[in-house]
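Read off the chains here:
There are 2 protein chains.
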Amino acid sequence: MNAQDDTRVIIVGAGLAGCLLARLLGRGGRRVTVYERRGDPRGRGPLGGRSINLAISARGIDGLKAAGLEGHLRDHAIPMPGRMIHQEGRTVFQAYSASGEKAINSVSRSELNLLLLDAADECEEVEFRFGMACLDVDPEAGTIRFADEEGREQTDRATVIVGADGAYSGVRGALQKTPRFSFSQDFLEDGYKELTIPAVKEGPHAPYAIEPRALHIWPHGGSMMIALPNLDGSFTCTLFWPYEGPHSFGAVPPEEVREFFDRFYPDASAVMPDLEEEYRSNPIGPLATMRCRPWHRRGVVLIGDAAHAIVPFYGQGANASFEDAKRLAEGLLAAPGDPIGAIEGYYRDRVDQGNAIADLALQNFIEMRDHTGKGWFRAKKRLEHLLHGLLGDRFLPLYEMVSFTTIPYAEARRKARRQWRTLYAATGWTTGVVILILAAVLAITLPG
Amino acid sequence: MNAQDDTRVIIVGAGLAGCLLARLLGRGGRRVTVYERRGDPRGRGPLGGRSINLAISARGIDGLKAAGLEGHLRDHAIPMPGRMIHQEGRTVFQAYSASGEKAINSVSRSELNLLLLDAADECEEVEFRFGMACLDVDPEAGTIRFADEEGREQTDRATVIVGADGAYSGVRGALQKTPRFSFSQDFLEDGYKELTIPAVKEGPHAPYAIEPRALHIWPHGGSMMIALPNLDGSFTCTLFWPYEGPHSFGAVPPEEVREFFDRFYPDASAVMPDLEEEYRSNPIGPLATMRCRPWHRRGVVLIGDAAHAIVPFYGQGANASFEDAKRLAEGLLAAPGDPIGAIEGYYRDRVDQGNAIADLALQNFIEMRDHTGKGWFRAKKRLEHLLHGLLGDRFLPLYEMVSFTTIPYAEARRKARRQWRTLYAATGWTTGVVILILAAVLAITLPG
Numbered sequence: 007m008n009a010q011d012d013t014r015v016i017i018v019g020a021g022l023a024g025c026l027l028a029r030l031l032g033r034g035g036r037r038v039t040v041y042e043r044r045g046d047p048r049g050r051g052p053l054g055g056r057s058i059n060l061a062i063s064a065r066g067i068d069g070l071k072a073a074g075l076e077g078h079l080r081d082h083a084i085p086m087p088g089r090m091i092h093q094e095g096r097t098v099f100q101a102y103s104a105s106g107e108k109a110i111n112s113v114s115r116s117e118l119n120l121l122l123l124d125a126a127d128e129c130e131e132v133e134f135r136f137g138m139a140c141l142d143v144d145p146e147a148g149t150i151r152f153a154d155e156e157g158r159e160q161t162d163r164a165t166v167i168v169g170a171d172g173a174y175s176g177v178r179g180a181l182q183k184t185p186r187f188s189f190s191q192d193f194l195e196d197g198y199k200e201l202t203i204p205a206v207k208e209g210p211h212a213p214y215a216i217e218p219r220a221l222h223i224w225p226h227g228g229s230m231m232i233a234l235p236n237l238d239g240s241f242t243c244t245l246f247w248p249y250e251g252p253h254s255f256g257a258v259p260p261e262e263v264r265e266f267f268d269r270f271y272p273d274a275s276a277v278m279p280d281l282e283e284e285y286r287s288n289p290i291g292p293l294a295t296m297r298c299r300p301w302h303r304r305g306v307v308l309i310g311d312a313a314h315a316i317v318p319f320y321g322q323g324a325n326a327s328f329e330d331a332k333r334l335a336e337g338l339l340a341a342p343g344d345p346i347g348a349i350e351g352y353y354r355d356r357v358d359q360g361n362a363i364a365d366l367a368l369q370n371f372i373e374m375r376d377h378t379g380k381g382w383f384r385a386k387k388r389l390e391h392l393l394h395g396l397l398g399d400r401f402l403p404l405y406e407m408v409s410f411t412t413i414p415y416a417e418a419r420r421k422a423r424r425q426w427r428t429l430y431a432a433t434g435w436t437t438g439v440v441i442l443i444l445a446a447v448l449a450i451t452l453p454g
Numbered sequence: 007m008n009a010q011d012d013t014r015v016i017i018v019g020a021g022l023a024g025c026l027l028a029r030l031l032g033r034g035g036r037r038v039t040v041y042e043r044r045g046d047p048r049g050r051g052p053l054g055g056r057s058i059n060l061a062i063s064a065r066g067i068d069g070l071k072a073a074g075l076e077g078h079l080r081d082h083a084i085p086m087p088g089r090m091i092h093q094e095g096r097t098v099f100q101a102y103s104a105s106g107e108k109a110i111n112s113v114s115r116s117e118l119n120l121l122l123l124d125a126a127d128e129c130e131e132v133e134f135r136f137g138m139a140c141l142d143v144d145p146e147a148g149t150i151r152f153a154d155e156e157g158r159e160q161t162d163r164a165t166v167i168v169g170a171d172g173a174y175s176g177v178r179g180a181l182q183k184t185p186r187f188s189f190s191q192d193f194l195e196d197g198y199k200e201l202t203i204p205a206v207k208e209g210p211h212a213p214y215a216i217e218p219r220a221l222h223i224w225p226h227g228g229s230m231m232i233a234l235p236n237l238d239g240s241f242t243c244t245l246f247w248p249y250e251g252p253h254s255f256g257a258v259p260p261e262e263v264r265e266f267f268d269r270f271y272p273d274a275s276a277v278m279p280d281l282e283e284e285y286r287s288n289p290i291g292p293l294a295t296m297r298c299r300p301w302h303r304r305g306v307v308l309i310g311d312a313a314h315a316i317v318p319f320y321g322q323g324a325n326a327s328f329e330d331a332k333r334l335a336e337g338l339l340a341a342p343g344d345p346i347g348a349i350e351g352y353y354r355d356r357v358d359q360g361n362a363i364a365d366l367a368l369q370n371f372i373e374m375r376d377h378t379g380k381g382w383f384r385a386k387k388r389l390e391h392l393l394h395g396l397l398g399d400r401f402l403p404l405y406e407m408v409s410f411t412t413i414p415y416a417e418a419r420r421k422a423r424r425q426w427r428t429l430y431a432a433t434g435w436t437t438g439v440v441i442l443i444l445a446a447v448l449a450i451t452l453p454g
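These protein sequences, in sequence, are chains G and F. Under my numbering, the residue at position 179 of the first sequence is numbered 185, and the numbers go up by one with no gaps. Under my numbering, the residue at position 107 of the second sequence is numbered 113, and the numbers go up by one with no gaps.
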């Protein structure tokens, strides 16, 4: 093995995180081999994935910029500057930012994946090997075994082996067999099912059936549906319902789904002609949070969902994965002679961020499902925006920090808590309550 | 299959929980088959296990009573009515109870296991099959596959299959493959190593080298050693040290362990002639908390460490397992026609208890390691005992509820929090602080 071989990096998984990492390392002159279990999506149909569209925000854009790919978003994303809350057929728009102008971006997962794959493949240093399923990894020996599509086994070897192979990561599975590896998988009582609002020929938003520049939410009794716009005029809707209980997948059989929608999501029902058929045929997916500790053993290291699979409610899964990829690439490129040191630095930086966004994503489910429809919640959001307008960076709403900055997640969470504490201390509780009441009155009296 | 076969119960694991459950079901007239991976300990040496002695308290005694075996403790246990804290060669005794009379009981794990095994085997209804390793369980079919010691596979079938096979449960492993099974394993940064204080010929406590009626603790800088008495005059010591760091297994090589002990555990070092050899040869064991949800799929159900492996710091692992076994046996015996209903009732009752004692055991590590040596902690304990003396059952210290009652763990924790809140509310913070200061002065000025 020559000196050059020693710095080659093996990446397992050609999803979003794996392809971005390959591109960044390749652009940095590092040789990379990417192994992917599935076939080449460019020849054989789209790569699978958890959801059809993603919400890419500041952290994702930052990663794309580092890879020289930020132009893609201009051409292929639909900006969503706020939430559209649907209740009893009426809608209220809640801006995501104080200025009302900052937006998260609805993009197609498979298109973004293809873009990143092509961009990585452009680099001479990057080689892709498809149809290779990871069988086992040995962190001590720095070896990894694969089976090709005919079941033939092959072994490869590198100082750095990156598991970018998603929530059910095979690389993490191998690390789980090493001593004292902490791991958790925690399933919600809720599952998800994807449905469609197809494009329309006419109407005020044509080809869109409803306002395209928003993330739509239909909150309802401990469950919700959301919808994100696609470039072709359709929306991908996702039902987040409990598996069992009064308003659940278990309680609503396909033959009653139209009646249920007419009652609780009437304006959506009106634009969903294929509801019964899709509800009957589309699977229910589970929602899990997975965490582990550590994220590496020697040179075998995890990024993205393999290290921290989170629920989708903050729209941060892909964004967090891009941050991982960028941080790891920077570390490896900065210290070619000390890959283990670079990996340790990456882990120290990122583990708190992975845990923080996992927590925040769970909390945002409660917020979207139970609070977005409430007057007090809208008042609180307005108050936050008001305070941000008055105090600037001294008061940054948590949602803004998470979605529109690259402040590390854990720091954003701490800062958000501190801001409210400082505010209470500065104004006294009484004044705070008065402000809140004023804001509430404002919210109720103002339209929308 | 006849009607009688339908009510037969398969238990996997002939450890403490499995044997107690078999005994309770057998006494209730239920046919039971117990499969155990290891050989029969009565013919082939002791069953393995995590620690050589256990602290059995009220919940364990309650389980033994239900099995008609409470007499064993009278003959084979050493009561420990309090903690003996060793610091810089001096000792302080802290009673566990307000009366000073209630004690937890040091018993040999392997002897207790043999007692329970014999007691279960006495029942005509109970059959043991040793040397049978669980390969897989199918909750839908109600089948379980084993391999015998020659590797021959066998399948058995029952409506109720109980996994009592410990922290690394094979039955739980099979449940983990079912959809949406939540699971976590969380390792401490600390490990444990067992050492011995051998019996002595002479001295004030002979054959014991130190006071036998206490659980000894040597707290020291973020780590500790404990010692529990054995019937033969020896003590089993356990080092709970971090793997890495300033005072850790990594930092103290065998050739420096005597010097280290002389410095930090001097009175123990004086009675540990085999220290160097034992420190060198005995393994370091990991300390993990494992949780899962749910504890059953259809008729396949988990009890004891298989459902909730906890760290040993509250001395409640075996006690909690006995509570599980007793509760499950009661449910199954009360509803012979509805085993799944009985299992669901068991799970609903016990899951919060398993989580609560897992949390409490982790907290007690901090208490034992960092607080027991402090004056304020001793003052707080005295204050608790004082308040219990004054207020009776209206103020039950948490340790008393956990160790000397069968109040469910989660309820005990809630009650403990509520008591302090009520006290603060009733007396006002100022009075509370004054009482605490008085108690502190009392603690410092009184001997011991």
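Bear in mind the hints are in silico, worked out from the structure with no lab data behind them. Among these hints, one or two may not hold up.
On the chain F side, residues computed to face chain G include the following (Cβ under 8 Å) [unchecked claim]:
no.	residue
1	S188
2	D192
3	F193
4	P292
Derived DSSO-like pairs: lysine-lysine, alpha-carbon spacing no greater than 30 Å straight-line [stated by the list, open to error]:
no.	chain 1	residue 1	chain 2	residue 2
5	G	K71	G	K421
6	G	K199	G	K380
7	G	K108	G	K199
8	F	K199	G	K183
9	G	K183	F	K183
10	F	K199	G	K199
11	G	K421	G	K386
Backbone N, C-alpha and C define an ideal beta-carbon position, used for all residues, glycine too.
Under the constraints set out in the numbered hints, which ones does this structure not fulfil? 10
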